[in-house]
Structure formats: C-alpha cells, structure tokens
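Number of protein chains: 2
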Amino acid sequence: MTTTTLPLVQAGQGAQDGACCAPIAREPLGEGEAAELAVLLKAVADPVRLRLLSMIGSHAGGEACVCDLTDAFDLTAPTISHHLKVLRTAGLIGSERRGTWVYYWIIPEAVNRLGALFAPLTDR
Amino acid sequence: MTTTTLPLVQAGQGAQDGACCAPIAREPLGEGEAAELAVLLKAVADPVRLRLLSMIGSHAGGEACVCDLTDAFDLTAPTISHHLKVLRTAGLIGSERRGTWVYYWIIPEAVNRLGALFAPLTDR
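Sequences listed follow chains A and B, in order.
Residue numbering for the first sequence follows my numbering, beginning at 348 and increasing consecutively.
Residue numbering for the second sequence follows my numbering, beginning at 348 and increasing consecutively.
Incorrect hints may have been included.
You can't tell identical chains apart in this list, so a pair holds if it fits in one copy or across any two.
What the hints assert, rightly or not - Pairs of lysine to any residue, SDA-like flavour, derived with a Cα cap of 20 angstroms:
#1 Lys432 / Val449
#2 Lys389 / Thr436
#3 Lys389 / Arg435
#4 Lys389 / Thr447
#5 Lys432 / Ala392
#6 Lys389 / Asp421
#7 Lys389 / Cys414
#8 Lys389 / Ala437
#9 Lys389 / Gly408
#10 Lys389 / Gly446
#11 Lys389 / Gly441
#12 Lys432 / Ala419
Hints were generated in silico from the structure; no laboratory data involved.
Owing to the predicted nature of the structure, the values given are computational and were not obtained by experimental measurement.
Given the sequences, and given the hints that come with them, work out the whole structure.
So this is what it looks like as structure tokens:
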C-alpha cells in the first residue's frame with residue numbers, strides 16, 4: 348500500500364461562508380486517499396471499537412493489557428479480541444505479548460490522519 | 348436523539364509520552380457517545396461518501412447540485428443518491444430541492460464533532 352499525504356489547502360479557499368473549514372470540506376479527495384481513509388474509518392465506526400481505542404489511549408502509561416479492557420463490556424473475550432484485531436489490522440493500535448497478556452497501544456499517526464481530515468482549523 | 352457533548356480533557360492528562368493527545372486517546376468514551384459517534388463514522392466510512400462529502404464542501408458557494416457530483420463517479424444516479432441519503436440521514440449534509448435539482452451542503456457541526464474526537468492538540 349502506498350502512502351499518500353492529505354492535501355493541505357491554504358486558509359481561505361472554499362467554504363466561502365467560513366462555517367466549515369475542515370480539510371474534507373475544502374478540496375475534493377482523490378480516489379486513492381478516500382479508499383485508504385475509508386479503511387481507517389470503517390475500523391473506528393463501531394461503538395465497542397471506539398470505546399476500546401479510548402480506553403487504550405487513556406490508560407496509564409499509554410498502553411493497556413487486554414485484562415484491563417474486558418471488564419467494561421458485556422461481551423465475551425473472543426469478541427473483544429476480534430474488535431482489537433480489527434483495530435490492529437487497520438493500523439490504529441499496536442500490540443505485543445508479554446508473558447500471559449497481550450498489551451495494546453495507540454498508533455498516533457493513524458489517529459492524527461483522521462484528525463487532519465476532520466479538524467476544524469479554528470486557529471487560523 | 349439526545350445531544351451529548353464530547354468530554355474535553357485538560358491538556359496533560361493521559362498519554363504520558365505526549366505522542367498522541369487526541370481526545371479519543373485521553374479519556375474513555377461513554378457508551379452513549381460511542382454509539383452516536385459510530386453512526387457518524389459509519390456514514391463517512393466509505394470511499395464514495397468521503398469523496399462526495401469533500402466535493403460538496405469544496406464546491407463554489409459551499410453547496411453542490413447533484414448534477415455537479417455524478418460525473419466524477421462511474422456509478423449510476425440511483426447509487427449516488429443512495430450515498431447522499433446515507434450522509435443526509437446521519438446529519439452530515441443538508442439538502443433542498445430547487446426546481447429540477449437537489450442541492451447539498453455540509454453541516455459543519457457534524458464534521459466538527461469528528462474533528463473534536465480525532466484532532467491532535469498540537470497547539471497546546
């Protein structure tokens with residue numbers, strides 16, 4: 348998979364009323380970028396995976412053991428593991444086994460890519 | 348549907364290494380918020396809908412006629428209409444019929460809500 352950078356448009360282009368100036372609202376996305384971003388978005392477009400991502404990111408030390416994550420859900424361990432695998436396959440989290448448990452952490456670049464797409468540029 | 352606000356966490360909490368400080372990586376999301384955000388994310392988690400959203404937002408005047416959108420895709424008009432309906436149902440775009448055509452525009456609040464979730468807070 349090739350990596351493409353998001354188009355960064357100068358302030359003032361498009362969205363003439365200034366009401367919405369997120370990058371997605373300022374320049375048409377190309378097919379390749381849209382396909383890549385859709386993969387990331389599909390991975391986070393699920394309530395359990397959103398919660399897992401936020402629990403991992405906010406856990407002490409920036410990483411969480413699978414043992415820290417299961418109690419918050421009324422779901423079986425295999426179901427939680429499935430959701431974690433979807434996040435990992437999309438490149439949103441990394442993981443490593445240490446002894447009995449697998450530990451997970453957020454990949455900042457992937458989250459930031461979504462941030463760059465939707466972020467309102469209020470500081471311009 | 349009730350509206351909930353996203354938790355805004357003070358800078359410095361969580362993500363001790365500072366590598367990722369998007370709100371989603373700083374505080375666990377509640378069930379209700381996660382469910383609402385997943386609805387928005389499912390709507391944008393498709394390459395065609397991402398491209399439609401960016402084409403609408405970047406079109407002159409901040410709105411686009413369906414007649415401006417179809418040529419960029421090798422898809423039938425009903426398929427494009429289906430994707431526009433998904434975006435509209437999720438609250439990401441508004442629409443109005445004027446004469447022959449339906450016009451679409453982005454709802455900034457919905458896009459900004461996703462921006463608030465994933466935005467890296469690099470200016471802190």
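Quick rundown of the hints versus the structure:
1. Lys432 / Val449: within (12 angstroms within a copy, 41 angstroms between copies)
2. Lys389 / Thr436: Answer is both: 11 angstroms inside a copy and 18 angstroms across each meet the 20 angstroms cutoff.
3. Lys389 / Arg435: Answer is both; intra-copy 12 angstroms and inter-copy 18 angstroms each pass.
4. Lys389 / Thr447: Neither, since 30 angstroms and 35 angstroms both go past 20 angstroms.
5. Lys432 / Ala392: both (14 angstroms within a copy, 18 angstroms between copies)
6. Lys389 / Asp421: neither (22 angstroms within a copy, 22 angstroms between copies)
7. Lys389 / Cys414: For Lys389 and Cys414, neither the intra-copy (25 angstroms) nor the inter-copy (28 angstroms) Cα distance is at most 20 angstroms.
8. Lys389 / Ala437: both (9 angstroms within a copy, 15 angstroms between copies)
9. Lys389 / Gly408: neither (27 angstroms within a copy, 30 angstroms between copies)
10. Lys389 / Gly446: The answer is neither: 31 angstroms in one copy and 36 angstroms across copies each exceed 20 angstroms.
11. Lys389 / Gly441: within (17 angstroms within a copy, 23 angstroms between copies)
12. Lys432 / Ala419: Within one copy, since 18 angstroms is at most 20 angstroms while 34 angstroms is not.
In this structure, the earlier hints numbered 4, 6, 7, 9, 10 are contradicted, and the remaining ones agree with it.
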